[in-house]
Structure formats: C-alpha cells, structure tokens
Amino acid sequence: MDAETRVASAPHVTLDGVTKRYGGVTALDSVDFACRLGSIHAVLGENGAGKSTLIKIMSGVVQPDEGEIRLDGKPMTFAHPAAANAKGIVCIFQELSLMSDLSVADNISISDPPRRFGLIDRKAQRRRAEQLLARIGCEDVNPLSRVRDLPLSRRQMVEIAKALAKEPTVLILDEATSALTAADVDTVFGILRRLRDDGISILTISHRMHEIEAVADRCSVFRNGRHIETFDQGARTEGEIVQMMIGREISAHFPPKPPPPEVATPMLQLSGYSWENRLKSIDLSVGAGEIVGLGGLDGQGQKELLLGLFGVLKDVSGTVTVQGKTVKIKSPQDAKKAGVDLALIPEDRKTEGLMLPMSIADNLTIASLSRLSAGPFVNPAAMTAAVEDGIKRMQIKVGSEFDPVSTLSGGNQQKVVIAKWLMTDPKIVLLNDPTRGIDVGTKQEIYRLLRDLAETGAAIILYSTDYEELIGCCDRVAVMYDGQIVRELAGAEITERNIIASALNMDEAAA
Amino acid sequence: MTSVPSDPPASRFRLSEDDKPIVVAASFIVIILAIGTAYTLSTQGTATLLSPQYLLQQLQVGAFLGIVAAGMMLVILLGHIDLSVPWTIAAAAMMATTVGGPAAIPVGLAVGLLVGLVNGMGVAYLRIPSMIFTLGVNAVMRGLMVAHTGGFAPQTAATDLMQYLAVGKILGIPVALLVWAAVSIGVMVLLQRTSFGKSIYAIGNKEAAAYLAGVPTKRMIIGAFCLCGMAAGLAGTLLAGYSTKAYQGMGDAYLLPAIAAVVIGGTHILGGRGRYIGTLIGVILIVLLNSVLSIMQMPEAGRQVIYGSVIIGMLLVYGRGRKVTS
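Chains as they are written, first to last, in my numbering: chain V, 58 to 568; chain B, 902 to 1227.
Any given hint could turn out to be false.
Unchecked claim - Stretch by stretch, here's where chain B covers chain V in the computed footprint (C-beta under 8 angstroms, at least three residues):
1. 431-437
2. 508-520
Claimed, not checked - Looking from chain V toward chain B, a few residues come up when the C-beta cut is under 8 angstroms (computed):
3. N199
4. G381
5. V384
6. K387
7. P389
8. A395
9. G396
10. S427
11. K477
12. I557
The set of hints was computed from the structure by calculation and includes no laboratory data. Backbone N, C-alpha and C define an ideal beta-carbon position, used for all residues, glycine too.
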C-alpha cells in the first residue's frame, strides 16, 4: 500500500466550476472536483445531493451548462456516453443495464463485439467474456448462460466485466453494491482494489458508510448540488461525515427496540412451506408487534418466501395460518383481503411498486380502490382525503399530488409505495429490501415507521441485504440458506458475526 | 422507466404533455376546414363545409367510427390492441339482420361481447400477445361469416329500429350522433370515475406494479376487451341499419381509422396515458379529412397517400415532445 504516492499522484479527472440545471432546479452548483489517478474515490451525499448528475456529466450522459471537464489536464467535451467511453471513462449505473435474454458473453461485448469478416465472432466473444470474468474472479459464471438465469449478485459482476471490456481508465460505479450481500460486496471490493492497483481510477457512490470505510482512499461529500469537502479516508469520523451530508445532528440511527414481547398469539405462521426447490419446508412464526428480519446471502429464497406469501408464486405447498385461520393465498388480491390483510413492499419500486408516469394520487390509491369506491364508482372526496392522509402520514415531499410520481426523489417514491399499502390497514407487512438506494434521512424515517407499525400490533417481515439494518431494526432475524431457515437469532444474538456465520451455514454459528 | 438521461422539469409541463396532442389535433381540424372552405369558395362560391347540415351529416357518418374508436381506446390504454374489430363489426351486423325483430340489436351486442370475451381470455389467461391473438380471432370470425352466408351478401335486412338509430333524426339531430354521445359519456365516466378506469391506466403503465397492488388485472383486461367488442358490435348493427343490410367486409374500413383516431388523439400506443376527449377529436379529424379530400375530388390513390401521411406526420409531431421510455 504505497498510499503516499497515491495521495501525491496527479489529478486524473478534474471538474472546474461545473454547473448543471434542470429547469429551475440546480442539480450541480459550480462544482470543483478532482479524482486522482489510481485511487478509489467515494462520493457521498443524500439523494438529490448531485452525485448522480456528477457522474452523468463525467460519463457524457448529460452536458454541463457551465464549466469544463479535464482529463489528464486536457479539456474534454463528451457529447454522448460513447465519446466518454472512447476516452476511457466508463460508468456502471445503479439500474442494471444488461439484456436479460441475451447470454453473458453477448452482454459483455454488446457495444463492440469482436468481428470476423464483418460478422460477430462468437468464439472470440466467448473467450473475451471468459478472460474478463476470470479477471474479476467470476470463473464460475458460464459465458453462455442467459443473464435472466443468474442471481442479482452475479449480474452485477457481469456488469463490471462488461465495463472492463471497454478498457476503462476511469471506472464509475453508481450504487453498484446496493443490491449485493456482504460476501459479494467483499468480492467486488477485492476487484476494485486490484483494478486500482492496475492504475484505474475508480469513482464510487454508495450509501453504506462501512463499505466506504472498507474500500475508499478518498472521500468527497456533496450536499444540495455543492461539493462540500474532499478528504483522505480516515481523516473524518463517521459522525462528521454524516453531519456534512445532512447538515443536521442525527441522534440515533435506529429507533430503540422494545423488550421482547410476551408470548402472544402469532399473527402469521408458516409450516412446511415449500416451493419448487427454492423454498424447503420453512417453519416461521411472526407475532403481532414483532419485526422479523430475513437474513442470509442473496438468492437463498428470501424473496421467494415474500412473493409466495403474497400469492405471486404458483404451486406452493405447506400451510399458512393468518390470525389463527388457515388461508390459501393465490394472488395479491387474496393477500390483501380482509382477514388476511397482507401488504408487500416490493423489491424494485420502479417496475413493481409504482406506475412512474402516473400521478402521486393515482399511485397512492391504486391498492385501495375498492374501499374508496361505492359500487363501480370511486368516491372523489374519500380519494382526496385518503391521498392527503397518506402524504401527511409518510411526510412525502410533494409539490402537487397530481404530479407524476417519477418527479419525486427515490426516497419519496419509496414513501409513496409504503403509504399506498398503509392505506389498506395491513396487519402483516412484508418488505423486500425497502431501503435500497435510498438516502439516510428517509431510511431512518422508514425504520421509525416500521417500529411504529409494530407497536400498533402489526407483524412485519423485513428482508434486507444490509446487515446493519437487520441488526438495528429486527426483534428476531431468520437467516436463510439454500431455501431453508438455518438459524433464528433473537435479542443480543443478532450480531453481524452471527448473521454472517449463519448465512454461510457454518457450524460454529451455533457456538 | 429506466433512468432517462435528462429528467424533465416535469410538473410544469405535465399538463401540456397530455394535452398537446389534443391541441395539435384540434388546430389541424381548423386547418382542414379552412383549406376545404377555401377550395369550395374558389370552385363553387359556397362555404359548404361550414354549414350546420353538412357538419351534422359528417358527424353522423363519424359516429360509427367514433363508437369503434371509443372501444379501441380502452384496449389501447391497456397497452393492447384489438385487430378483430373488422369482422366483429361484420359478424354483429350479419347476426343482427339474420335474427331480426326486437332481438336484433341485443344479438349484435352479444356477438361483440362474445368476441371480446374470447379476445380477453386469450390475452389475459393464455398470455398470447393481443396483436396476434385478435388477428387470429378476426380470421376465424371471417371464416365463420363466410360459412354462414355462403360467401354472398346476406339477403336479410336491418330492422326498423336499427335503421332509425343509424339514420333517424330527433329535432334535426341524427340519432347515430346521440348514440355516439351516449357511448362517449359512458367511456368518459368509466375512465375518470370508476375503479375499473383507474385500473386500466395502471395496468397500461406497469402491469406488474398494478398486479402487485392487488388489482385484478386479468378481469380488467377481459372487461376492456369485452367493452371494445361490444362497441364494435354496436357499430356493426348501426352500420347495417345505415345501409339497410349487412355485407361482407363492411368493417374493413374501420380498423386503421379507429386506431389512428385514438393515437392522433394523444393516447399512447403502448398504453397508460391518453384522454378520451382526444379520441373524440381524432375521430372528427379523420372524418373531416376524408370528406374534404372527397370534396376536392382527390383520386382514391392520392387520398390514401395524404391520409396515411397525415397520420404519420401527426405522430411525428407528438413524438418530438415525448420521451420514448419503456
């Protein structure tokens, strides 16, 4: 670790007085920013701080209104992403950009496939994919398998391999680890360090402080479109950084947990719950007022368990008992019926949670249409009242409730998804990674809300890829491995070490 | 919508984004009328186009298209399409005239409902793309009707009620126009005031999100196809009344104009957005364009070219202001 030479190394990419406005909103306000050669540089900030605009400008997706970008001291203008790619600036965006029906090899070479006689040379393409996957330690991914068949974490690796195929000198990652489990994150970090040592400058955006501590050499904090400060990693404490990001004091990250409840009648009880070979005879019981976390590595059946409960999966077996009655839930309609009262906050708010072009009001009421209607006709007064109530309850920051929900920030969009389900007065709330890609402030509001809901007697199942969240939020954590619950942790047992050990299904976990 | 580079300054332009096609289409109607009137003034010295009788007569003809387009819009809003409309019209007309008597109109509607039900089941349960499935249903209907009539125009005649609804007048207003108005009010109420309508928009925007919100998506899809089929069935019985009988291929001229009217009116062809008032204006635009071209004695070939170019041109105008997202 020749940290000193790195610190002393020359700026690689420089932004001088860059300003970008969208309509009346200033996304970046005369930002000066430099990223040094061969370092891992983390950019921190709440949603809306200007991080995404920063990388969009650097990677040629949008053009700055003022100011200039310099690469190795030479001014550059990138009219489009391909121009930036040609100069070695490659970006991995938050949303995966892979085509799920094409093979891994096809995806990796999509923008510039190796050719022979003008036609795509499939053999060369496969070799190239193999080499790139080997470079990032993913030899186990078959270049010929369809991306659709890979778990999310592997897809993210393919995404990195695809970026490397463009031979970058500057690699930008926008929340590239937000969907990954801890073990995969470590793998990615290993890759990043190796790439850095190969002389690639890496710029990464993340909301997870411990990840930044683990991997970054330098940090820059952004707030409200301004560059606040850049410092060497370790020069500022976590508290100071958080303070810079949000500009206000945060007392505690998680609301306090109540003492373990008396043995109450369980709200939801599963026994022998199975689906294909992805869920294997799961027994789980969740009491009223309890927050139960689902832990474990990505793709161990946690998502399937939530979807199955919500009636999305076909041919599940085993019994589900809700509020003392055995129920068969065959569709989301069944799930939200009175007497079952389930709600699911889905994984991907953009495709599963929201109709983005539709108004905030329409999105809020879509799950409660029947209770806001008399016969076939909706009741406009009840509708308006419900929308106002939802916005107030979740403190959603909206201009007008008739604006498309796509105009809201990620955190506020997620609040709309949650408010939509709160409107149905659910007794059991299933959450599938609800804070993914969301700013710290909103995360805390969601934690607070979950605890409040539990206190009113709801049963909550929270799947999260972030261990911190499971540890901070949950009364119990059920760790899944290969479609089974391998361990249930409660109270003081809920530690990162226990979760990880159980997630890897290690024997000493019990110790 | 995967993150589109330039986020629009949305809220302020939101309204105009949905209303812009409607304004454009309405202005185009004015242009058509102006050109047509200039032509008639220079050749005949009269402003025939602007006379109330002429306009009412055009609207009466437009009513058949308008009713078909109203149904089509529901299906397009879902992100689907119904290509079985031509032979649903013909089948409804033929069955209505065959049965005759007081049952004629209910039978015509029932034929439409049945076709819509089959379409809806195929799309919702079998998950066959509507473009293929409804095309297949159209061919099947055609075969059935040829078998029914032996390939000739049926000899049966439209009932008096059918003729009255198609060509009759109340206080000088064509009854067909009133039927169209009733259908239009029905569709507007449906889209704006019912949970069915809200669900149609939701499904058209993001079916997965609507499904996960507990919207009975299959039932809604079937419902919309049924209404579209019934609209075509109603149009078929009225058309039979208009020409006093049913004949082979009587619905062929309605498919493309119906889709065009919906899309010209600003309804997104991939579903999810659009206002019914736009469809109304789209229908009027197409009807007037046709009639001005025929007044100008444009030969058929030229009419087709102009007609097609106008549709493409208007879509280009809309396309510029819209982001292409999926």
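- prompt: Which numbered hints turn out to be false for this structure?
  reply: 2, 3, 4, 5, 6, 8, 9, 12
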